[in-house]
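So the chains spell out like this:
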Amino acid sequence: MVLNVLRGLIGLLLLAQASMAGAVLSIEIIGAGEHQIPVAIVPLGGDDKLAQSIHEVVASDLQRTGLFRLVDPAGKLPHELAEVSYPDWQVRGAEALAIGTVAVQANGRIEARFRLLDAVKQTELVGQAVSAGEGQVRAVGHRIADLIYEKLTGNKGVFSTRIVFVNREGKKFRLIVADSDGYNEQTVLAQNEPIMSPAWSPDGSHLAYVSFETGHAAVYVQSLYTNLRLVLANYRGSNSAPAWSPDGRQLAVVLTRDGSSQIYLVRPDGSALRRITFSGAIDTEPNFSPDGQYLLFTSDRGGSAQIYRIPVEGGAAQRMTFGEGSNFSPRHSPDGKSFVCTHLVNGKFHIAVQDFQTGQMAVLTEGGWEKKPSFASNGKIILFASEARGRGILATVSSDGRIKQHMFAQSGDAREPVWGP
Amino acid sequence: MKKIVVSIILLNLLAACASQKPQEPAAPAPVTTAPAPAPAAPPAAAVTAPAPVAQIAVDPLNDPSSILAKRSVYYPFDVAVVQDNDKPIVQAHAKYLSEHANRKVRLEGNCDERGSNEYNLGLGQRRADGVKKMLMLGGVKDGQLDSVSYGEEKPRASGHDEASWSQNRRTDLNYAK
Numbered sequence: 000m001v002l003n004v005l006r007g008l009i010g011l012l013l014l015a016q017a018s019m020a021g022a023v024l025s026i027e028i029i030g031a032g033e034h035q036i037p038v039a040i041v042p043l044g045g046d047d048k049l050a051q052s053i054h055e056v057v058a059s060d061l062q063r064t065g066l067f068r069l070v071d072p073a074g075k076l077p078h079e080l081a082e083v084s085y086p087d088w089q090v091r092g093a094e095a096l097a098i099g100t101v102a103v104q105a106n107g108r109i110e111a112r113f114r115l116l117d118a119v120k121q122t123e124l125v126g127q128a129v130s131a132g133e134g135q136v137r138a139v140g141h142r143i144a145d146l147i148y149e150k151l152t153g154n155k156g157v158f159s160t161r162i163v164f165v166n167r168e169g170k171k172f173r174l175i176v177a178d179s180d181g182y183n184e185q186t187v188l189a190q191n192e193p194i195m196s197p198a199w200s201p202d203g204s205h206l207a208y209v210s211f212e213t214g215h216a217a218v219y220v221q222s223l224y225t226n227l228r229l230v231l232a233n234y235r236g237s238n239s240a241p242a243w244s245p246d247g248r249q250l251a252v253v254l255t256r257d258g259s260s261q262i263y264l265v266r267p268d269g270s271a272l273r274r275i276t277f278s279g280a281i282d283t284e285p286n287f288s289p290d291g292q293y294l295l296f297t298s299d300r301g302g303s304a305q306i307y308r309i310p311v312e313g314g315a316a317q318r319m320t321f322g323e324g325s326n327f328s329p330r331h332s333p334d335g336k337s338f339v340c341t342h343l344v345n346g347k348f349h350i351a352v353q354d355f356q357t358g359q360m361a362v363l364t365e366g367g368w369e370k371k372p373s374f375a376s377n378g379k380i381i382l383f384a385s386e387a388r389g390r391g392i393l394a395t396v397s398s399d400g401r402i403k404q405h406m407f408a409q410s411g412d413a414r415e416p417v418w419g420p
Numbered sequence: 000m001k002k003i004v005v006s007i008i009l010l011n012l013l014a015a016c017a018s019q020k021p022q023e024p025a026a027p028a029p030v031t032t033a034p035a036p037a038p039a040a041p042p043a044a045a046v047t048a049p050a051p052v053a054q055i056a057v058d059p060l061n062d063p064s065s066i067l068a069k070r071s072v073y074y075p076f077d078v079a080v081v082q083d084n085d086k087p088i089v090q091a092h093a094k095y096l097s098e099h100a101n102r103k104v105r106l107e108g109n110c111d112e113r114g115s116n117e118y119n120l121g122l123g124q125r126r127a128d129g130v131k132k133m134l135m136l137g138g139v140k141d142g143q144l145d146s147v148s149y150g151e152e153k154p155r156a157s158g159h160d161e162a163s164w165s166q167n168r169r170t171d172l173n174y175a176k
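As you go down the protein sequences, you meet chains E and U in turn. Taking numbering that gives the first Met the number 0, the leading residue of the first sequence gets 0, the next gets one more, and so forth. Taking numbering that gives the first Met the number 0, the leading residue of the second sequence gets 0, the next gets one more, and so forth.
Since the hints were derived computationally from the structure, they do not count as laboratory data. Careful, some of the hints might be misleading.
As the list claims (entries may be wrong) - So the derived list for chain E, only partly shown, Cβ under 7 Å to chain U, looks like this:
{"id": "1", "residue": "195"}
{"id": "2", "residue": "215"}
{"id": "3", "residue": "328"}
As the list claims (entries may be wrong) - For each label pair, taking beta carbons as the anchor points, the in silico distance ranges come out as:
{"id": "4", "chain 1": "U", "residue 1": "99", "chain 2": "E", "residue 2": "213", "range": "22 to 28 Å"}
{"id": "5", "chain 1": "E", "residue 1": "279", "chain 2": "U", "residue 2": "82", "range": "17 to 23 Å"}
{"id": "6", "chain 1": "E", "residue 1": "201", "chain 2": "U", "residue 2": "99", "range": "29 to 35 Å"}
{"id": "7", "chain 1": "E", "residue 1": "271", "chain 2": "U", "residue 2": "80", "range": "32 to 38 Å"}
{"id": "8", "chain 1": "E", "residue 1": "27", "chain 2": "U", "residue 2": "87", "range": "48 to 54 Å"}
No experiment lies behind these values; they were computed from the predicted model shown. Ideal Cβ positions, reconstructed from N, Cα and C, are used throughout, including at glycine.
Work out the full structure: start from the sequences and follow the hints.
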């Protein structure tokens, strides 16, 4: 059996690393923040000489959050501080103003100088140089949008982060990594057998996932830089539900090699396998707390699927969900104060958040087919799988439930999404 | 596999009466779009066909009228115990397999799309393992059996209603060739 885990490094054939002109996901926004911040984004000086407009990226990032109202510069195009006439912006109702310049260096590097100004107090909120390698215009835009978002809302921006999901089209499955706005699609794995449960390593360099390519569920770990991968767990029965510890030094996985689905810990190279749960029930979907001390997981040990918590070193499990219905797919919020899960009641699946301290559960969605939630790294947005127009789609909801987005794949069903670091 | 059995029968018929086109099997249209699940064998054609070739030891596994032709058992929602009306199917396969120690079967547990993918993977494995346990109690050796789960990843019926779900909650007994 030990030989089964002896993993050779398998060099994957480079799978189509499609860098698409358009986004792999098209996005619809539903709802808006209670108070939208009016902000004017002046196109950077030199923006019109770039292959792709930074301005469009910044504007679209901010608009998608539902938290901002973009004020039309209406012909006023200051790029330097000295060119700014604050009354021009106050009459337009702008509370903040973004200006700057961008240029491509001789070596192809893109360098932007950017300032965010408080149009009311007439002060500079942030001034920063943002640069990226050749062709990385969108990355510059996302970074600027992150800075604006952080200064104006007090929360970290997540425009520079990535998501992973599985696209299913007929019998064809693709594991796809994309920017959080759906651009820069990268196909990590494409095959005619199911792929499920992708999991980001904490530094975003690797994905663990479940693939059925050998005829049954086995867990693999793959580098997003080299595409090299290894078999993490391929025991008899099903191997699934990988989850990384916050320090990246171990993973929790679910194996049926000793009977029913039970949780084990294993090092990222597949060594030092240890069993954590001993229930005889289905124990699955482990998720580490941000401090690395606990695992949340789904179990039907009480008769229906509910969320439980157990110390990472093993021990007594504590049941966390008690109300009507059953619950699946728990994930800690980044601050560790709450968790999000799929809440099933009266045949409907919803995304719900439960506070650890009060034990109160708040249901955030009402469609009835919302599953598999994960937090963005700032804890403000939750990504999940849903359905619209007969297709599997990705969707987001702000953690206050007010703002929603639907993200449609170009074709087929999008499923199993996870927001990455 | 089942399709292959059917096509072998058809091929034999073609060889036996080259001029006579065998009747098209009136496939009992299943409620779904998925690959024809039931062994849609054409018993009518098989019975009326002349038997010019002396059959050597008929394998009851290939007899479409045998209970062994049934290769799936079905479950209620979130249940992994073989239901009473499906028990004779598992028992018949247990008897066959214990008498044919060279035959191997792969037990494939499936679920409907309700629940989480991972929970359903566990549930499908529990379904397949439940059938495996019954077969072993019936005298089948562990080495003849392999149990896997597809969870909700390989639905036979793709609708989002009970008509589809009830077909997807099942364990298939898949004989190795």
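Tested hints:
Evaluation of the residue 195 of chain E hint against chain U yields a held restraint, the C-beta minimum of about 5 Å falling below 7 Å. Satisfaction of the interface hint for residue 215 of chain E is found here, the shortest Cβ-Cβ separation to chain U being roughly 4 Å, below the 7 Å cut-off. Because the beta carbon of residue 328 of chain E sits about 5 Å from the nearest beta carbon in chain U, less than 7 Å, this interface hint is met. The beta-carbon spacing between residue 99 of chain U and residue 213 of chain E, approximately 26 Å, falls within the hinted interval of 22 to 28 Å.
Separation of residue 279 of chain E from residue 82 of chain U is about 22 Å and conforms to the stated range, judged on CB atoms against 17 to 23 Å. At about 52 Å, the beta-carbon gap between residue 201 of chain E and residue 99 of chain U misses the expected band of 29 to 35 Å. Range check, residue 271 of chain E to residue 80 of chain U: Cβ separation about 36 Å, and the 32 to 38 Å hint holds. Between residue 27 of chain E and residue 87 of chain U the C-beta distance comes to about 52 Å, which sits within the given range of 48 to 54 Å.
Comparing the model with each numbered hint stated earlier shows that hint 6 is the single one that does not hold.
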